[in-house]
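Q: Sequence:
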Amino acid sequence: VELHSPWLAKVMLWVFTGTGVATILGYLMVPYARLAELTHNELLPTMGREFLEQPTITKIGIVIVCLSFVYNIGMTILKGRKTVITMILITGLIGLAVFFLFSFYNPVILTVDKFFWWWVVHLWVEGVWELILAAILAFVLIKVTGVDREIIEKWLYVIVAMALISGLIGMGHHYFWIGPGEYWLWLGSIFSALEPLPFFMMVVFAFKMVKQRRHQHQNQVATTWALGTAVMSFLGAGVWGFLHTLAPINYYTHGSQITAAHGHLAFFGAYVMVVLTIISYAMPIMRGRPQGNSVTAQRLETAAFWTMCLSMFGITLALTVAGAWQIALQRLPDAGEALG
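In my numbering, each number is its position in the sequence shown, counted from 1, plus 6.
Misleading hints may appear alongside valid ones.
Unchecked claim - Mimicking DSBU-like on lysine-lysine, the simulated pairs with C-alpha atoms at most 30 Å apart in a straight line are:
| hint | residue 1 | residue 2 |
| --- | --- | --- |
| 1 | 85 | 149 |
| 2 | 85 | 16 |
| 3 | 88 | 217 |
| 4 | 149 | 16 |
| 5 | 214 | 88 |
| 6 | 65 | 120 |
| 7 | 160 | 149 |
| 8 | 120 | 214 |
Keep in mind that the hints were calculated from the coordinates and are not lab data.
Produce the complete structure using the sequences and hints provided.
A: Set out below in structure tokens:
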């Protein structure tokens, strides 16, 4: 099925790009306080928060782009075959648009602000994006392995259910130290400890599908990207997330370089790699090469794959060592001077 409105997709691409470039130039060329004045932040104050520091006009642009994207994909799905994969994809995209609306809610009380701030940051990263990730990964695996859709969809049901159960309540690990009730120490710890499970299941799912494949797709590097996405997501979001998610450990590690190590690898695995996976599969088809690029091109792409993965893993290890040293110097000593 062809995209419902290619022209809308092109327009929104340029709107998103233009808005992003203009916003970044504003950050670089104008003092932030002046940028708030120029964009009339006083009319609807939303600026000044980490990751949500965009001017209000930029946030409105993001909402327009997200809603247009959801509309375009949704109408395309309605015209074609309704499958579990497409339903999970559109559910994730709708959730992405809905939860971003909390970026417009900017309460004066800092604890309340942080409480709902995570409804954007966490529920994107560890909530609705996992649905989008699982849907894209499943689509590519169907195409490159030829495994029955029914088998892949059964795996998807379990993975998505586990992702939502653990991810939604697991948001409590962000509530440990910002002021809500102590029950979040238990809820956040227990359900956060479950969050690696859907990522581990994704690894098993990906390798099992490749093992059971009915044919050897000539675009082998796309398969490599798909497997790499599952593995790096599990390592970054699963393993490194679990390292510091339990409340007694997080007491010492929160806000340290351990968090940065987890964030770098998790974002690379769950965001960057799945995008590169679908590009690796779809771009040759769009260029008239449905069986993939040449062997030489695929070898070069495979080398790029390993270079990126090993480099990111090296960064993660370096940040982990730095975080452990930081905790030993700053968090463990009883003397107040350690924080100086």
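Q: A separate judgement is required for each hint: does it hold in the structure or not?
A: A quick look at each hint next to the structure:
1. 85 - 149: holds (20 Å)
2. 85 - 16: holds (20 Å)
3. 88 - 217: holds (27 Å)
4. 149 - 16: Answer holds: residue 149 to residue 16 is near 26 Å, not above 30 Å.
5. 214 - 88: The hint holds at about 25 Å.
6. 65 - 120: holds (18 Å)
7. 160 - 149: Judged against 30 Å, a Cα distance of about 17 Å means the pair holds.
8. 120 - 214: violated (40 Å)
When the structure is compared with the earlier hints, a violation turns up for hint 8 alone.
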